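Peer 1: Assemble the complex: chain A is given as a structure, and chain B must be docked to it using the hints.
If you're matching them up, the sequences are chains A and B in order.
Position 120 (the first sequence) corresponds to 139 in this note's numbering; numbering is contiguous.
Position 137 (the second sequence) corresponds to 714 in this note's numbering; numbering is contiguous.
Since the hints were made in silico from the structure, they are not lab data.
Nothing here was measured: the structure is a model prediction, and the numbers come from that model.
Glycine included, C-beta positions come from ideal geometry on N, C-alpha and C.
Incorrect hints may have been included.
To be verified - Distance ranges between label pairs, derived from CB positions:
hint	chain 1	residue 1	chain 2	residue 2	range
1	A	Lys148	B	Gly717	24 to 34 Å
2	B	Gly656	A	Leu113	40 to 50 Å
3	B	Glu693	A	Ser129	51 to 61 Å
4	A	Lys116	B	Val647	43 to 53 Å
5	A	Ala152	B	Asp643	47 to 57 Å
6	A	Ala46	B	Ser615	40 to 50 Å
7	B	Gly717	A	Thr61	27 to 37 Å
8	B	Ala700	A	Lys116	43 to 53 Å
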Amino acid sequence: MSIRHGLLALLSRGPRYGYQLRVEFEASTGATWPLNIGQVYTTLARMERDGLVEPGGADEQGRAVYTVTEAGRAELERWFSTPVDQTDRPRDELVIKLAMAVAAGDVDVSAVILAQRTATMRALLELTKAKRANTDGLAQRLVLDSLIFQAEAEQRWLDHCEAVLKEKNT
Amino acid sequence: MSVLRLDEVTRAHGQVHALRGVSLEVSSGELVAVMGPSGSGKSTLLNLAGGLDRPTSGSVTIEGTDLAGVTDLAALRRGSVGYVFQDLNLIPSLTAAENVMLPRELDGVRSRQAREEALAALASVGVDHVADRFPGELSGGQRQRVAIARALVGERRLVLADEPTGALDTASGDEILRLLRERCDEGAAVLLVTHEPRYAGWADRVVFLRDGEIADSTAVPLESAR
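One chain only, chain A, in its complex shape (with noise of 0.2 Å):
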């Protein structure tokens, strides 16, 4: 997840500080990615130091301002008009326990599918209550949708799981 990326976008909007960056930042993926400050304050330094954005001095509360170069305009472009490539994304612990369970042969695999099953099924009802109660707009709504196919495809996986292992003892 490029949290440089999406700093960025909100700094192409216009100059603003760290503390500031991090509320947007909450504000506009629905809080679904908490960003601490440290996190925010080494971004934007590794940023500086690779010319896609500038200190421009402090605001009346003298907290530092930060402003998008051209540089860090040209990336964010890049960044909108390239996919995100699928050897990005990190690893699956599910996937690898499952595997693991399986290739073990001593360990009860039905019990860790069902176990996993009932628990992502929980965190989709309680991700659907989330996106009933959204008032908040169309990208919170949208990354919530993004979560909620993302625990629909889990479960999905797990019945086939279930379905392939249950064939196999048969």
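Peer 2: Relative to the frame of chain A, chain B by itself:
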């Protein structure tokens, strides 16, 4: 208040058990989703819950009435239970309004009043503007809504929905669930059968059926888990 109650319900067809010792309760204002693969007993459960079939053992109670003691199940079905099926069963030669009126007219409601009720039901799901069109002239989403209006007309307190989103795209499917959810929030009890996790997500509780038994549930404590 419990609108639907299944107590240790078993349904056997000869040696084959379609459902084994299932206990389940759906209260007013509650949406319960039943998930499970084909052949897990989902449809059997829904048929028993709606009095379309009778259990081999155990009891089914709707609004306090044990169905075992009811001789005229058809009247009870028309009066208290609304159905939304995957194949909507709208009658092609009747308009949307006439389709929704039909169950009320079967109950002896005068057609003027039945039409008023039908229009109100159609309005509640946002399709009163197509009341006088035939099913063939409606979009998939509109047909689905008409079928839901028919299931809701006449203040039904229990709605049974079997894959009510049919082949709709996900955004339209979500809208159907939103409608069912709203009915629930107004006090109806809804039992939804689906194999799509995203639609089960609208429920208060999800029950997983496997081989005719409840394998798990998102409720704490587990109901009928063994």
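Peer 1: Each hint: holds or not?
Peer 2: Quick rundown of the hints versus the structure:
no., hint, result
1, A:Lys148 x B:Gly717: 24 to 34 Å, "27 Å, holds"
2, B:Gly656 x A:Leu113: 40 to 50 Å, "47 Å, holds"
3, B:Glu693 x A:Ser129: 51 to 61 Å, "54 Å, holds"
4, A:Lys116 x B:Val647: 43 to 53 Å, "50 Å, holds"
5, A:Ala152 x B:Asp643: 47 to 57 Å, "38 Å, violated"
6, A:Ala46 x B:Ser615: 40 to 50 Å, "43 Å, holds"
7, B:Gly717 x A:Thr61: 27 to 37 Å, "50 Å, violated"
8, B:Ala700 x A:Lys116: 43 to 53 Å, "50 Å, holds"
In this structure, the hints that do not hold are numbers 5, 7, in rising order.
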